[in-house]
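Undergrad: Here's the letter readout for the chains.
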Amino acid sequence: MTQATALASLSRRKSGKTGLRLRGGWRINLLYVPALLLFAVFTVYPLVSGIGFSFTDWDGYSPGRAFVALQNYLRLFQDATFRLVLLNTFIYGIGSTILQQVLGLALAVALDRPFRGRSAARAIIYLPVLVSPVIMGTMYYLLFQYNQGALNDLVVLFGGHRVAWLSDQATAVVIIVVVNSLQFVGISMIIYLAGLQSIPTTYYEAAMLDGAGAWQRFTGITIPLLQPAFATSIVLNLIGGLKLFDMIKVMTGGGPGYTTNSVSTLIGVTYFANQSAGYASAMGVVLFIIIAIFTLSLNALMNRRRLEQQ
Amino acid sequence: MTQALKEDLVPPRIGAPAPPATNKVPGAHATGKRVGAIAIGAGLIVVILVQLLPFYVALTTALKAKADLSSQWLFPMVGLYWGNFVTAISDGNILQAIGNSAIVTLFSTALVCALGALAAYPLARRQTTLNRAVLLLIIGLIMIPPLSILVPLYSMLNQLHAINSYWGIILVMTTAQLPLSIFLYSSFMRSLPVAVEEAAVMDGANLFQLLFWVVFPMLKPVTATVIILTGVAIWNDFALSVYVLTDPAVKTIAPAIGAFFATQSSNLGAAAAASIMGFVPVLIAYLFLQRYFIRGMVAGAEK
Chain A
1 MTQATALASL SRRKSGKTGL RLRGGWRINL LYVPALLLFA VFTVYPLVSG IGFSFTDWDG
61 YSPGRAFVAL QNYLRLFQDA TFRLVLLNTF IYGIGSTILQ QVLGLALAVA LDRPFRGRSA
121 ARAIIYLPVL VSPVIMGTMY YLLFQYNQGA LNDLVVLFGG HRVAWLSDQA TAVVIIVVVN
181 SLQFVGISMI IYLAGLQSIP TTYYEAAMLD GAGAWQRFTG ITIPLLQPAF ATSIVLNLIG
241 GLKLFDMIKV MTGGGPGYTT NSVSTLIGVT YFANQSAGYA SAMGVVLFII IAIFTLSLNA
301 LMNRRRLEQQ
Chain B
1 MTQALKEDLV PPRIGAPAPP ATNKVPGAHA TGKRVGAIAI GAGLIVVILV QLLPFYVALT
61 TALKAKADLS SQWLFPMVGL YWGNFVTAIS DGNILQAIGN SAIVTLFSTA LVCALGALAA
121 YPLARRQTTL NRAVLLLIIG LIMIPPLSIL VPLYSMLNQL HAINSYWGII LVMTTAQLPL
181 SIFLYSSFMR SLPVAVEEAA VMDGANLFQL LFWVVFPMLK PVTATVIILT GVAIWNDFAL
241 SVYVLTDPAV KTIAPAIGAF FATQSSNLGA AAAASIMGFV PVLIAYLFLQ RYFIRGMVAG
301 AEK
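Taken in order, these protein sequences are the chains called A and B. Going by this note's numbering, the first residue of the first sequence is number 1, and it counts up by one from there. Going by this note's numbering, the first residue of the second sequence is number 1, and it counts up by one from there.
You can take every hint at face value.
Heads up, incomplete: computed chain B residues facing chain A, CB under 7 Å, no partners named:
| no. | residue |
| --- | --- |
| 1 | P122 |
| 2 | R126 |
| 3 | I257 |
Bear in mind the hints are in silico, worked out from the structure with no lab data behind them. In this text the structure is predicted, and so the values were computed from the model without any measurement. Just so it is clear, CB atoms sit at the ideal spot from N, CA and C, and this is done for glycine as well.
Let the hints inform the model, and build the full structure from the sequences given.
TA: Right under this line is the structure:
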């Protein structure tokens with residue numbers, strides 16, 4: 001969630017020089033040089049050289065590579081597999097975001113009033129956030145498994161036939177969205193709980209005196225005043241969903257065929273299994289651009305709404 | 001378990017506690033309210049059971065022999081079978097993977113804290129145009145999805161002979177987590193009063209003394225947040241680790257379980273056992289440090 005907050009401050013600018021007068025002046029800036037060196041070597045250089053690779057036909061291991069201009073990008077647009085994978089990526093991103101906001105907000109409202117066992121309930125719902133998605137995926141795989149899976153046992157119990165949950169593209173994509181949302185719904189819940197705490201109770205008291213019902217109080221007070229929490233939670237879930245990788249790898253391995261891959265998982269397959277490093281680089285550039293566009297435009301949107309309200 | 005779970009998930013509500021609608025006329029309205037409360041309670045119980053289900057299924061699967069074909073819903077009746085854990089340790093190298101994860105997480109987190117706090121200081125206290133641009137650039141790095149730079153990063157690490165090395169993955173993990181750490185440290189530093197540092201400078205403290213005697217001791221709360229966010233992210237990392245660490249001798253827990261699971265698709269019990277062993281360390285840390293975990297996450301969210 002802090003990532004989203006950090007990103008939100010991207011577009012926030014403050015003017016005027018403030019701060020401490022220190023002897024040594026600019027030399028204090030040397031303190032951030034080690035960090036910048038790491039970024040230069042392990043982030044910026046790969047980003048730039050990746051753009052370079054995307055204009056070549058490099059296979060990933062041989063020393064030679066030829067410049068092919070925009071061919072990789074043109075191929076992306078004609079590649080039916082990539083179009084499907086791009087669609088999957090949006091479904092993973094947008095589907096998880098919607099599900100997590102609805103469920104996360106509902107849970108936060110339900111867990112806002114004090115009752116016995118409330119903190120245990122919060123802790124259990126939050127627990128999967130801390131577990132590696134690889135592990136959550138493995139455990140969920142057991143549940144959806146064909147022969148011995150707990151879900152199919154239920155289906156059989158009620159007189160149905162075993163379902164191959166993860167062998168059908170559409171079902172598998174939906175399952176991955178649901179499972180990913182369940183794992184990380186705790187983040188949205190915590191963000192909304194913190195948001196709910198910051199709404200003064202006097203607002204609700206005044207509304208109740210004016211005869212507003214529970215639903216009216218929810219839509220008239222809670223929703224508008226949760227605006228900053230919405231922004232944080234949505235940006236965070238969207239980025240997480242758009243770059244989804246671990247859960248897909250474990251639940252379906254991208255299959256059947258290539259049909260449940262996201263752009264992230266397809267990059268790995270294209271690079272290592274298909275040995276098309278140039279093509280994989282082009283996918284990487286596209287993934288970066290998609291996430292940048294989503295993040296920056298959401299930030300701009302949220303900031304404008306915040307300004308309009310002031 | 002419930003004993004450790006204190007009511008500290010979220011700071012107390014501002015103002016008076018929420019008044020229940022007792023001053024309303026009792027009757028039809030009150031029963032409606034009760035029905036609502038029961039529905040909410042039932043919904044909560046369903047969500048909690050759904051969240052616990054994968055853990056339960058993993059446990060029942062891990063504790064049964066392969067020949068035991070009873071349903072995953074049933075706890076093993078004939079006695080607990082530990083063979084799956086033995087298989088996970090001997091064939092899946094899970095204990096070694098936990099050790100590797102501990103090494104990588106420890107060194108990376110230490111580096112993220114040290115380099116993050118150092119870098120944040122000038123960015124917080126010397127807000128020139130250059131430094132504001134540097135901070136924006138660093139925050140922008142958070143946006144870059146790790147897989148989008150897989151090809152160039154992997155080929156560079158390969159040339160540096162950093163594949164399957166501790167130092168390679170430690171530097172990659174450190175770089176990935178550093179932007180968030182710098183952001184958290186610099187916003188925390190800006191919230192500290194400058195007067196303390198000014199007094200130290202007046203008393204003739206040099207930069208080294210100022211940082212280590214005055215500034216860093218004040219950073220304990222934000223350091224707890226950074227350690228938890230960074231530690232969990234690195235312990236659980238899969239997306240880059242799975243490609244950088246392919247040798248079982250250096251594999252961390254997530255790639256080890258992923259690889260073991262891929263080879264054991266017919267032996268679900270062993271896969272379940274490996275999963276349980278993989279999250280127990282995090283679970284223990286969560287139970288003992290829950291206060292810090294949630295406070296850290298909330299602190300980040302509220303900024």
